[in-house]
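S.K.: One line per chain: the protein sequences are A and B, in this order. Residue numbers for the first sequence follow the numbering used here, beginning at 1 and rising by one. Residue numbers for the second sequence follow the numbering used here, beginning at 1 and rising by one.
No incorrect hints appear here.
Under the rule of at most 30 Å between Cα atoms (straight-line distance), these lysine-lysine pairs were calculated in the DSSO-like manner:
| no. | chain 1 | residue 1 | chain 2 | residue 2 |
| --- | --- | --- | --- | --- |
| 1 | A | LYS73 | B | LYS57 |
| 2 | A | LYS112 | A | LYS78 |
| 3 | A | LYS78 | A | LYS55 |
| 4 | A | LYS70 | A | LYS55 |
| 5 | A | LYS70 | B | LYS57 |
| 6 | B | LYS57 | B | LYS1 |
So, partial list: chain B residues that the calculated Cβ filter (under 7 Å) puts toward chain A:
| no. | residue |
| --- | --- |
| 7 | GLY42 |
| 8 | LEU43 |
| 9 | PHE45 |
| 10 | GLU48 |
| 11 | ARG55 |
| 12 | ASN56 |
| 13 | LEU97 |
| 14 | GLY100 |
| 15 | GLU102 |
| 16 | PHE105 |
| 17 | PRO107 |
Just so you know, these hints were derived from the structure itself, not from any lab. For each residue, glycine too, the CB sits at the ideal point set by N, CA and C.
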Amino acid sequence: AQTVTQSQPEMSVQEAETVTLSCTYDTSESDYYLFWYKQPPSRQMILVIRQEAYKQQNATENRFSVNFQKAAKSFSLKISDSQLGDAAMYFCAYRSAAGTYKYIFGTGTRLKVLA
Amino acid sequence: KAGVTQTPRYLIKTRGQQVTLSCSPISGHRSVSWYQQTPGQGLQFLFEYFSETQRNKGNFPGRFSGRQFSNSRSEMNVSTLELGDSALYLCASSLLLAGGEEQFFGPGTRLTVL
Chain A
1 AQTVTQSQPE MSVQEAETVT LSCTYDTSES DYYLFWYKQP PSRQMILVIR
51 QEAYKQQNAT ENRFSVNFQK AAKSFSLKIS DSQLGDAAMY FCAYRSAAGT
101 YKYIFGTGTR LKVLA
Chain B
1 KAGVTQTPRY LIKTRGQQVT LSCSPISGHR SVSWYQQTPG QGLQFLFEYF
51 SETQRNKGNF PGRFSGRQFS NSRSEMNVST LELGDSALYL CASSLLLAGG
101 EEQFFGPGTR LTVL
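Chain A on its own, in the form it takes in the complex (with noise of 0.2 Å):
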C-alpha cells in the first residue's frame, strides 16, 4: 500500500523569505501524480501545484515549485518570497495513475509566516 509521509508538523518562514516543505512517499508503482494542496484557516482547500511522474521536470507555479526526487521518493514543495497569505496547512497527496479513484494524503504541514 502507498503511503505518504510529512515529517514536519510546522514551519515558519520570515515574510519574503523562502522556505521548503518536505513530503516522502512510498510506492512500488512507475506511474503516477504527486499534489501539493493548500488549506487556509477557515477556507477551503485548494490545489497549489502537481507533477507528474513520468516528467523529469519539476513543476513551477509562480512562487511555488517542487523538488521531485523519483529514486528517493521525495516531492518537497518551495515557496519563495513568502507572503502572509501563504499561512496554512500544505497537505502532500499521492495518486495512483492506474485508477484506484482514490488521493493518499500526507498528515499536513503548518506553514507560520512571521512579519
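Given chain A, put chain B in place with the hints provided.
M.R.: Just chain B, lined up with the frame of chain A:
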C-alpha cells in the same frame, strides 16, 4: 460556476446517534470523494463515487456509508456515532477523477460527537 457545497456546516450529535452529511459537487462533475480530517491524521479517504457507483472505499468500519444520486449529489451517513468520529468531513469533486485531475474541495462539515 458555483463551488462544492456541503451541508450542514456544523453538527453536534451524541454518542449512538446517526448523522447524514450532504455534498453538492461542481456542476458537471461526476466524481465525488469523501474524507475525514482529524488533527495529526491528515485526510483519511472514506469513499469515492462516480455515476452513482462506489469505485473505491477506505479502511473505515461499516458504520460509514455513502451514496450518490443521479444528479451527482452525494450523501454520507455515519450510524451509531462514537466520540472518535468527531472530525471535519470533507467532500471533493472532479470531472472524472482521471489522471492528474484536480479535486475541488468543499468547506467541510464539522461534526462534534458528545
